[in-house]
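Please build the complete structure, drawing on both the sequences and the hints.
Residue numbers (the working numbering), protein chains in the order written: chain Y, 1 to 193; chain X, 1 to 190.
A hint or two may mislead.
[What the hints assert, rightly or not] Distance ranges between label pairs, derived from CB positions:
(1) 129(X) to 116(Y): 36 to 46 Å
(2) 3(X) to 13(Y): 47 to 57 Å
(3) 57(Y) to 1(X): 54 to 64 Å
(4) 5(X) to 123(Y): 52 to 62 Å
(5) 20(Y) to 5(X): 38 to 48 Å
(6) 53(X) to 42(Y): 32 to 42 Å
[Said to hold, decoys possible] Below, simulated DSS-like cross-link-like pairs (lysine-lysine); rule was C-alpha separation at most 27 Å, straight line:
(7) 9(Y) to 120(Y)
(8) 93(X) to 65(Y)
(9) 13(Y) to 164(X)
These are calculated hints, taken from the structure and not from any lab test. Quick reminder that beta carbons are idealized off the backbone N, C-alpha and C, glycines included.
Spelled out, the chains give:
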Amino acid sequence: MNKWKIFSKGFIKENPVFVLLLGLCPTLGVTTSAINGLGMGLATTFVLVMSNIVVSLVKSVIPNKVRIPSFIVIIASFVTIVDLVMKAYVPALHSQLGLFIPLIVVNCLVMGRAEAFASKNSLGDSILDGLGMGLGFAFALTLLGAVREILGSLSIFGIQFAEADGMLVFVLAPGAFLGLAYLIALMRKITDK
Amino acid sequence: MEYIVIIISAVFVNNIVLAQFLGLCPFVGVSSKVKTATGMSGAVLFVMFIATVITWLIQNYILLPFKIEYMQTIAFILVISSLVQMVEIILKKISPSLFQALGVFLPLITTNCAILGVTLLTVQNDFKLLEAVFFAIGHAGGFALALIIFAGIREHLDLINLPKGMRGVPAALVVAGILSLAFMGFAGLV
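Written out as structure tokens, the structure is:
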């Protein structure tokens, strides 16, 4: 598999949200606006790339039996870093995302890539894989966030474009499920040629 | 009285799956049959109860006195993952029948964000131990209710002829959206 393919597969072909259905909790929980989706996506990308790097570097010294707990500790350390950094520099976004930042630890996407890719491949490939998958995740979250924001509050990235009431239900919980359902169906329609 | 309020609020008003979006992986993953959904709910109830008690003790007797609250995420996830392993071993020894019923679901629980989510929420809300216990039981009950209703609907969903793109997960998510709308009716109850 060439380098470009490793990087680009996360966007459409193996998109973590639309195709692999990993990391659904943050996908639905934080995407009330495009900015929140993007912030969450980039935070996850950082954790994913860093944990892929470390896992790829230490893969030969970790005994097979304790690899899962070791991965969890590596991931949790980077999540704590992200949590503290975001609290210090973007407190508004941090309080919006709330509980979902510490919950990056149990995002199946991060664990899945560490186990399925980084623990078997070279450092360079693992970085590319983490970056591609993370940005694919960020892309999906931003898309869903934008759809919900446009329909729900008639604005995009915080800029109001019409003076009227949106469909409030898209900002509330049910809108997350419905929005994702139709985005997945649309994605299948586009890729299924 | 306040314990009843905590339970009703956790089960209906702030339903962990349909209003707070925690534990969606098992919600979508193991909800194709009512039987597996019941097993998963049992396992979640069991682990959530023990995990909340133990992390509450760790938070209040270790992390807070030593002022190392920033270790919360790491400490809690380690406790939960080792707890799941321990529960598995103990159940196998003392109650093989319960182990048979819950066994396959236990390893899946480590990556269930509902457990870590509830333990973190308990700490954020500054609950006393007994309140925390009711909070955990209420949330596990809410998870069970949502999961079993959802599984019941999905069993029938398989029989319907849907457009190709909507089959499977998208249709299930639409159902979840409608369920979530229904649960919004409980808002303002407490």
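Now for the hints, and whether the structure bears them out:
1. Roughly 40 Å separates the CB atoms of residue 129(X) and residue 116(Y), a value that falls within the hinted 36 to 46 Å.
2. For the pair residue 3(X) and residue 13(Y), the supplied restraint of 47 to 57 Å holds, since their beta-carbon distance comes to about 50 Å.
3. Separation of residue 57(Y) from residue 1(X) is about 55 Å and conforms to the stated range, judged on CB atoms against 54 to 64 Å.
4. A beta carbon spacing of about 53 Å between residue 5(X) and residue 123(Y) agrees with the range 52 to 62 Å that was offered as a hint.
5. Separation of residue 20(Y) from residue 5(X) is about 40 Å and conforms to the stated range, judged on CB atoms against 38 to 48 Å.
6. Under the hint 32 to 42 Å, the C-beta atoms of residue 53(X) and residue 42(Y), about 36 Å apart, fit the expected range.
7. A C-alpha spacing of about 18 Å is found between residue 9(Y) and residue 120(Y), which places the hinted pair at or below 27 Å, so the restraint holds.
8. Of the pairs offered as hints, the one joining residue 93(X) and residue 65(Y) holds, with about 22 Å between alpha carbons and a cut-off of 27 Å not exceeded.
9. A distance of roughly 18 Å separates the Cα atoms of residue 13(Y) and residue 164(X); the hinted pair therefore holds under the 27 Å criterion.
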